[in-house]
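Novice: This is what each chain is made of:
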Amino acid sequence: MSENFENELRRALRPIDAPDGFAERVMRALPAQRDREPLPAPEALPTRRLVRRFAVPAAFAAALVVSMLLGQHVADVQRQRTEQQAGLAASRELMEALKVTSQKLDLAYQAVKTPPPPAGDEENRT
Amino acid sequence: MTIRIALLLAALESTAPVLSQTPPLKGQLNIPQFAALADKASESVNVTLDSKLLSLGCRFLNAEDPEQADAKKLCTSLSGIYVRSYTFDKDFAYPKADIEGVRRQLSAPGWNRIVEAKSNKEGTNVDVFVLIDNDKAAGLGIIASEPRQFTIVNIVGNIDLEQLHSLEGKFSIPNLGIETGPKTPEAPKKKPQP
Chain L
77 MSENFENELR
87 RALRPIDAPD
97 GFAERVMRAL
107 PAQRDREPLP
117 APEALPTRRL
127 VRRFAVPAAF
137 AAALVVSMLL
147 GQHVADVQRQ
157 RTEQQAGLAA
167 SRELMEALKV
177 TSQKLDLAYQ
187 AVKTPPPPAG
197 DEENRT
Chain D
841 MTIRIALLLA
851 ALESTAPVLS
861 QTPPLKGQLN
871 IPQFAALADK
881 ASESVNVTLD
891 SKLLSLGCRF
901 LNAEDPEQAD
911 AKKLCTSLSG
921 IYVRSYTFDK
931 DFAYPKADIE
941 GVRRQLSAPG
951 WNRIVEAKSN
961 KEGTNVDVFV
971 LIDNDKAAGL
981 GIIASEPRQF
991 TIVNIVGNID
1001 LEQLHSLEGK
1011 FSIPNLGIET
1021 GPKTPEAPKK
1031 KPQP
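Note that the protein sequences, when read in sequence, are chains L and D.
According to the working numbering, the stretch in the first sequence is residues 77 to 202, in order.
According to the working numbering, the stretch in the second sequence is residues 841 to 1034, in order.
Hints in this document: simulated from the structure, not taken from any laboratory.
Glycine included, every Cβ here is placed at the ideal spot set by N, Cα and C.
Check the hints yourself; a few may be wrong.
[Said to hold, decoys possible] Derived coverage of chain D by chain L (criterion: at least 3 residues anywhere in the stretch with Cβ under 8 angstroms from a Cβ of chain L; other residues may be distant):
id, stretch
1, 886 to 900
2, 907 to 921
3, 953 to 963
4, 990 to 996
Make a model of the complete structure from these sequences and hints.
Specialist: Structure representation (structure tokens):
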């Protein structure tokens, strides 16, 4: 039974010549297909694909750069503020140091300029 | 092996502070911190301005203020200012040995005592020293001891005595009669023409 089935299948699938006029009919049908809407330009496809592919990483990179620049700016402002505070403190200390120096020089000056006491008082001035 | 590594690390640790210390500049005194005295003192002034802090402080001085403007001119040539000043409620509450330790450094060659003022009656003792290097003042040291106060001042750098002299009156700095160089003869004054 299976042999019969195989034979019938082989007969049904045997190569046969195309009917007369088949090629002409196919050729006639071709111009009708050409009239359809033109396909999009092949160049446009990669651009759109590129945009779709790199838009997110580019946005991330841009956000990273912006945040880096912002961070740098904040750090600069903070460093300037710290430097200003340290500078003002140092200038106050400098003025205080000069005042103490002047007080002590004045003490020496007063001691040197005071007229010498009468003999017997123990004071040395140079 | 572990012991060797531990010993090596200990040795490195002990030498690290020595290596990190910068050698003192010419005219710079080794002034102790007097931490114990600061606790006992009723008032204390402790100023430590090395060259970096001094130049920073110098930049922030207000040039429009006459006092600060003069200080600005003076401090540009300096490389350090160190002041320790302590005031006590009792007489002679500070150990004199600490002061003598600093005074000994001022007996080194180059240092010259330009003022010595001692009053046994009032118990004050003020010494002013200048370090001369290549005919220029490279350091100033002041040791002032009073019954209830002692002060050590050390100014390091190319001290322009003329500039210090120009501060006279502004910080109540007196004219100590420091010679600042050869005096040039005064130009003859022109008589006003009738």
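Novice: Hints first: check each against the structure and report whether it holds.
Specialist: Hints, one by one, checked against the model:
| no. | hint | in the structure |
| --- | --- | --- |
| 1 | 886 to 900 | holds (count 9) |
| 2 | 907 to 921 | holds (count 6) |
| 3 | 953 to 963 | holds (count 8) |
| 4 | 990 to 996 | holds (count 3) |
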